[in-house]
Every structure is written in structure tokens, then in C-alpha cells.
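Chain W is already provided as a structure; the job is to place chain P on it using the hints.
There are 2 protein chains.
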Amino acid sequence: MAVATIIGGGVIGGGWAARFLLNGWDVRVFDPDPEAERKIGEVLDNARRSLPGLSDVPLPPEGRLSFHEDLGEAVQGAVWIQESVPERLDLKRRVYRQLQEVCDPSAIIGSSTSGFKPSELQEGALRPEQIVVTHPFNPVYLLPLIELVSSPANDPAHIERAKDILTGLGLFPLHVKKEIDAHIADRFLEAVWREALWLVKDGVATTHEIDEAIRMGFGIRWAQMGLFETYRVAGGEAGMRHFMAQFGPALEWPWTKLMDVPEFTDELVDLIATQSDAQSGHHEIRDLERIRDNNLVGMMRALKHQNWGAGEVLNRHDQRIKSAMPGHVDQIDDLSQPILTLARAVPLDWTDYNGHMTESKYLDAFASSTDRFMELIGCDADYIASGGSYFTAETHIRHLDETHAGARIEVRTQMLLGQGKKLHLFHRMYEGETLLATGESFLLHVDLETRRPCAPSAGIEAAMARIGEAQAALPYPEGAGSAIRKPT
Amino acid sequence: MAVATIIGGGVIGGGWAARFLLNGWDVRVFDPDPEAERKIGEVLDNARRSLPGLSDVPLPPEGRLSFHEDLGEAVQGAVWIQESVPERLDLKRRVYRQLQEVCDPSAIIGSSTSGFKPSELQEGALRPEQIVVTHPFNPVYLLPLIELVSSPANDPAHIERAKDILTGLGLFPLHVKKEIDAHIADRFLEAVWREALWLVKDGVATTHEIDEAIRMGFGIRWAQMGLFETYRVAGGEAGMRHFMAQFGPALEWPWTKLMDVPEFTDELVDLIATQSDAQSGHHEIRDLERIRDNNLVGMMRALKHQNWGAGEVLNRHDQRIKSAMPGHVDQIDDLSQPILTLARAVPLDWTDYNGHMTESKYLDAFASSTDRFMELIGCDADYIASGGSYFTAETHIRHLDETHAGARIEVRTQMLLGQGKKLHLFHRMYEGETLLATGESFLLHVDLETRRPCAPSAGIEAAMARIGEAQAALPYPEGAGSAIRKPT
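Taken in order, these protein sequences are the chains called W and P.
Everything in the first sequence is counted per my numbering, starting at 1 for the first residue and increasing by one.
Everything in the second sequence is counted per my numbering, starting at 1001 for the first residue and increasing by one.
Careful: at least some of the hints might be erroneous.
What the hints assert, rightly or not - Within a straight-line C-alpha distance of at most 25 Å, the following computed DSS-like cross-link-like pairs (lysine-lysine) qualify:
id, chain 1, residue 1, chain 2, residue 2
1, W, LYS201, P, LYS1177
2, P, LYS1163, W, LYS322
3, P, LYS1117, W, LYS201
4, W, LYS201, P, LYS1178
5, P, LYS1117, P, LYS1178
6, P, LYS1201, W, LYS177
7, W, LYS163, W, LYS178
8, W, LYS117, W, LYS177
9, W, LYS421, P, LYS1486
10, W, LYS486, P, LYS1421
11, W, LYS117, W, LYS163
12, W, LYS117, P, LYS1201
13, P, LYS1486, W, LYS486
14, W, LYS422, P, LYS1163
15, P, LYS1422, W, LYS486
16, W, LYS178, P, LYS1201
17, W, LYS117, W, LYS178
18, W, LYS163, P, LYS1178
19, P, LYS1117, P, LYS1163
It is worth saying that the hints were derived from the structure and are not from the lab.
The shape of chain W in the complex, shown without the other chains (with noise of 0.2 Å):
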């Protein structure tokens, strides 16, 4: 089992600590804050919860987590030592002579420093080709990015171990060639900071209103492509050329209290088209437009599920066009016809790269339809917050036809049983009048304290033998009760 040792609790060690972790590594912890353990373990605690879901595969069994006040003991054998001790240039150094007195000459040695060139931590030190910068992003357990910054001094060999260690963990190394203070990212991020911290001063915007300008907006296109591809898309088929012309004269405006600005030469511009003819190039600004949108949806949609940020506008959204719908059967003049339980366009996150709606989405829609008609005969949020609901205890699906991104697709509901603890649907799928696929479903009312069956509510009894009575006239459908055949 590969070994390694981070020098520095709190919330960047803990967050490499679990990385390493949760990828099978085992881990050593140096850290005299006697607070360390509880610190680290708060963040592994998080990261146990969210990281081995990410993969669609099982991770390597869970390293082993040692605590230890000796440094030498803690190094022993570590193929990767982690340095992520306070911003101070001094005290790293110290670290690094401690640490190189005692490890192993080709462990790597990483430093989370967010500020300092790896030329500046090296000097001093007693193998200075050992420290490069392995800078990370909180949460480090989640988000890929780390800035691998090199010097002169470090062996092209030596690099070339860290970034396929990094890999390994999950991890995107950007290796950054030319040393700079803050390396890439914490310059943009400085620059926000700073340009935010002027509009709090001079009382343009809060806080709140600065952090809703980020994520309803750039922020979201930023969590997919960054800031030149996706001008590249903006500038449209004329290119990142067009771009520049169009929005190049802004550098002198006072668009910024920062006003330090490159010169705005046709050298700039030659240069930033043909990097990014290299970077992008190769899609079609069609393509790239409909990938960017593929992942917009898929990522609004899943803060949707959350309902946070833009999901939530979403959410309202709905809200506000489902108030018009009726809350109720009560509300429903002719019952003596299958309900109609739902009514959308299939969403681009439904649909596999052929643009066909994934088999496992039928359930989502049909779950969809079961939640809208449990909310029609009164099982609604209020009533599940009581403590009452229906559990699903079967499903048979029938796949009849496809149908793809952007269909406008309807689901209605016949009831078969609604009685005692019994709820029997028979859903079918339309796309227009062609159907599409049937979903049988059998729920049983539960108490949500015992999660044991039980009678559902008066009302939820009476709206159910309501629709029961004004459907009784339905024919029972053609492959309800029906089963998958045990072949002869």
C-alpha cells in the first residue's frame, strides 16, 4: 500500500488526507494542533459521503489513517508528502529542512501554498529539486483542479511522477511552466476579490447581490468552459477574432476600478485567436454551442434537485405554472378518463448521445406521474410531512416505441386499485398519439415513523374511491397484470 504523509491538518490537509484515503493510499498526519484529529476526521467525514458516489465504479478499499507526533515516523516510506501548513515563507522552509533531514530523496514533496513560487520555497532548502507547488481547490476531495507549478530546478522525470500520482487520485494536474505569485487561478479569483470588495465599500452591491450576479449568470457557464472558449461561442461563427474587435475597446472604458490594462495590439490578437483555434479549433461553434447548452441543462437540472441557486428560479418557475393546474381531483370535472399526471419535454439530460430517452428515464417519468397523482388524491408535501406516504413496491415497464430530446411527451393514469393501504396505476406514455411505453406500479400506504403499511387518510380514501367509481366503466388495460414470460 503506497504511503502519504500530510504536514498540516485543517480543512486543505484534511481534504488531500481523504483524496489519498478514499483511493486506497494509506495516510500519515503530522500536525501538532492537537485539534488535528477532530479537524480531519469532520472533513472525512464529508468526503466519505460525496466522493466514492462521483465514481460509477467501486474505489479501492479505504487506506489506513495514523496520527503521528514524530516526523520521522511519519515520513517512513511516504512516496508523497503534502505540505499544507500556514502562508508564511519562513515557516515553510522550516518544514522542508525538518523534512528533508528524515524522508525518502525521491518522495514528492507537494505544497499547498496558494501565493508562493516554488523557487522561493525551494531556496534553502537541502534538495531543493524535491518541492514543486501541488496547489489545491476546497473542497480538495471534490474538485479536480491542482496547479502543479515547477522551477528550474525540478527534473522533468520528478514532474512527470507527480502529475501521474495526481491522476491517480482523481485529480486534473494543470502544470503551469513559468512561475508566477498566486500561479494562475488565485490571480482571477484576487482580482474578483478585489473588484468586489470596491463595490461593497462604495455600496454598488452586498454581498448577497455580488454572490447572485456570479452564480446566476457566469458562474454557471464558468463551471463548464472558461473564459475564452466561451467567447469563442459568443463571438459565433466570425470566431474569437470577431470577439475581440467587438468587445476589445471595453479595456479602456472604466469598467473596472483596476485600470493597469495590456495594450490592445494586433500581436494580442494574433496570439489569443491562434491559441485558441488550437484549444477549440477542432469543434465546430455549432458543436460547441450545443455542448455548452447539454451541459447548462444538465447542470441547472441537477440544482434543481437541490433546489439551490438556479434550480430554485427553475423550481419557482414551475410553481408558478403549475398553480394553475388543479391541486386536486376534486378540481377535475370528468374523471371518467385516465388522468393526466404529466405533460413535458423531455430534457437534454434525459437522452443518451443518439438524442434517444435513456430506458432508466421512463421510471423518472412514470415516478413522476405516481408523485402528481398521489398529490391529487391529497398525499401531497403537507400530508407526507404528517407522516403518511406510498412506498413503490412493484414496477412493470413496457417499452413500445422511442422518443427523443425535446418531445413533448404525456403520461395518463388509470387507476386499477385504490383501496386500504392498496394503491394500483397503470401509467401510459404518449408522444402525441402514439404510445410510447406503460408503466404498472403498485405503492402500499406506509407510516413514514415504522415504515410499516397502514390505511391512508379519510380523504385520501374518498378522492381514490371517487376515481374508482367514475373509472370502473375503463377497460382493464391490455398488458396490465401481465409478466415477463419464463421461457420454455
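Positioned in the frame of chain W, the structure of chain P alone reads:
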């Protein structure tokens, strides 16, 4: 039907047109560009593909789109007029004068300007109070943010009406109360753009490297929390004041090219800490951490489905782990028992607000097991690319027990029939020894060209025969071949 007029087509005007149309408004376009109809059509195609599916309810029927050469005709009866002409103050002012001679005085005139202050736009207007800034973000049909900037000339009721209309379009109007060049978001974009130009010009990083530094790290973070809330969480229990004490000093370090920074006074720290409390103080830091992680996991898994950015990194990591697993049944020694077709942790985005795995995700898991089984018998990506595949015709799921986020689940698959075009599988899902659910699937091998059933390759037939022989001694599973019974 409410009417909106779009002055100036292009990407931004087209995005506005799509927002209005797809939310049921009639849209009239005025743009002397002979290409306007084509350009708006292209934006509309993208919007129709992506926007309706964002909603879980049906959007209203699409409004009517028309193009007009006469300005008076274009604005007749319009409740909203959106100006998106090029960023030249003289041009914009001329447009408003012409507009105000023919439009309804109560209509809202919104400007898409990214830079000008509303009072600059209003200067010399017939009715200054009618004009506001409503600055959108590309793609306008997806991103919710609209910076609504007013001047003292605007009546509060006019602003409220603008907010209501924007909210009705699914947008998020952020009312910027103090005018400033470039409003809020574009000040940040400009600060980052300026810093990025320096980095490219100085040869520190390429456009590609800069984009990776953004989207692999803080970009994903900013898609769900902004600058201040992110730092509040990073500060931990000690909170915003602690965070600022730690990173405030960096303001005086050479971390950006642009160094005119606000003085880091106690007053400024107080102001920000107080605003941050008002913004996020109702959530404990522990809760915010989990909300953040839920959001990140959801978005990163959405990007994984698109195999893009951070999602591509995750897929590569999975692939690395998967490469140690058998690629074909021939590499599995003992085929006499059900085959392991899924082993994973239940991800955060598979659960409801209680942390229970959601009904529809059981089919997600079983569908993955079916994919894996197909792969093992030789129906892998190459085979599918060559034109053959399996389509699921029928599925029967029984829910036997509950499970939660983070639980390690496994699926083991028994082949009930694998002969000719038919494939009949019985999946059992376990958490440890507990049987959580069973999924019975009946699939047909199809020709992807004709979409009709046909025999699979000889290699697949042979692999199925091998499994059939090896599993022949297994008892027929309890629960297989059963139906949801017809109520008696």
C-alpha cells in the same frame, strides 16, 4: 397574448426573442439586417432544443414570431421593448427617440447594454422614466441572470412591473440600485479578462490552460455559491471574519497586475462580515458544506454524462479502475453463479431530501448492470458502433428494502435466457447481505439501422451459450416471471 418587441436581432436579441416566445408571448422583431431572420432562427433552434425540457411542467404554447420593417408596426401594443443594438451611446439614444415617438408610453424599454448606465441612456429621451437597463447573459434562453439597473428617473412601480415580467419568463432579475459602469457581473468579467490578457501576453499561460484553471476549480464552485458564500464556508466555524483575517493581507501582495486595492480596514471587514451574516447566517457552516457538496456532486455527475470538463476527468478515473476488471466473460473463471455487474456507492444525486435512494434510480442501476452484462458478452462500444445492440422491451422491478446515500451496493445478474435475438436477465441488488430489489429485464437484439430485431453475432451467441450452460444448475429465481396481480 402579450406582445414583446425585439429591437436588434443577433445572438442577444435572438435569445430574448426565444425567452418570450417559449413562454407564450408574441414577438415582433425590428432589425434592418437582412440576415436577422436567419440569425434569430438559429438561436431559436437551440432554445427550442434546450429550454422547454428544463421545466418539469409544460410551458405555454409558443407565441407568434414576426419580422417588421416599420418600427411603428413593430412596437404596436408591445408591453416590453428590448433594445440590443451595438454598444454605441449615440446609436442607442437615437433608437430610443424613434421608439418613443411610436410606442406605448407605459411599455417597458429594456436595454441589453453591458456597459452604459441607465442615466446615460435616458439623457435626451422623450420619456427618460420609461428606459431601464436589463442586461442578460449569453445564452439568454438558458441563464437566469438579468441585471436590472434603474436611475432616479425610474418610477418604483415601473421597476416592479419589469421585475414581475422578467420573473414570469423564468429569469432572475437582480436589481442593481446604484448605477456604475458595467453594472456588477461585467466588472468581474472585465477584471478577469484584463488579468487573463496579461497572463497570455506575458507567456505565463495559454488560453487553454487559463480555461482549465477556471472550469476545473472555482468555476464549478461559482455555479452554485458566489465569492462570499464560498469563502464563508471555507472559513469554517470561525466564519467570514476569520477568512478575511487569513487572506486579507494578500491584498497587499503582488497577486494581480492591478494593484489599486481598497484599504483593508476594520470598517470594511465589519461591513462584509455583517452582510455575509445577513446573506447566509440562517445556515450552519456544516449545512452549507453539505449543500455545497450535494450541488457539486450533482453538477459534476451531470458533466460526466456529457463527458466534458470535470466530468471527463471523472470518466477517465473510472476507466482507470475499470481497466483492472474483466472485459469479457471469457476472463471470468467461475460463471456458475450470478455475475457481478455493478458495484458502486449510492451517489448523493440518486437520493431524495431524506437521503433515501429514489425509486427511478433503481432502474438506473439495473440499466447499468444490463449495459455491463452486454459488454461482457461482447456487445461493447465497438460492437454497437458496428450497428447492433440490445433494446429493453420490458422490465419488472420489486422494491424489497431501502438504501441511502453512500451505501455500497452490488448487483449480481442471472441469465434466464440468452438465445438468438432474446436476452432475459434477472438482476439482484444487494447492500451487504440484504436484498434491496430485483430487476427482471427482457431485451431484444436489434439492427440499429432498421431498428428491427435480429440475431446477434456468433461471438455473442457463443458467450451467452457459455453462461447458459454454467448457470443451468441455478434455481429459477423467486419473483421472476411474476406479475402485479389483477385486483379481484
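What are the numbers of the hints the structure violates, in ascending order? 14 and 18
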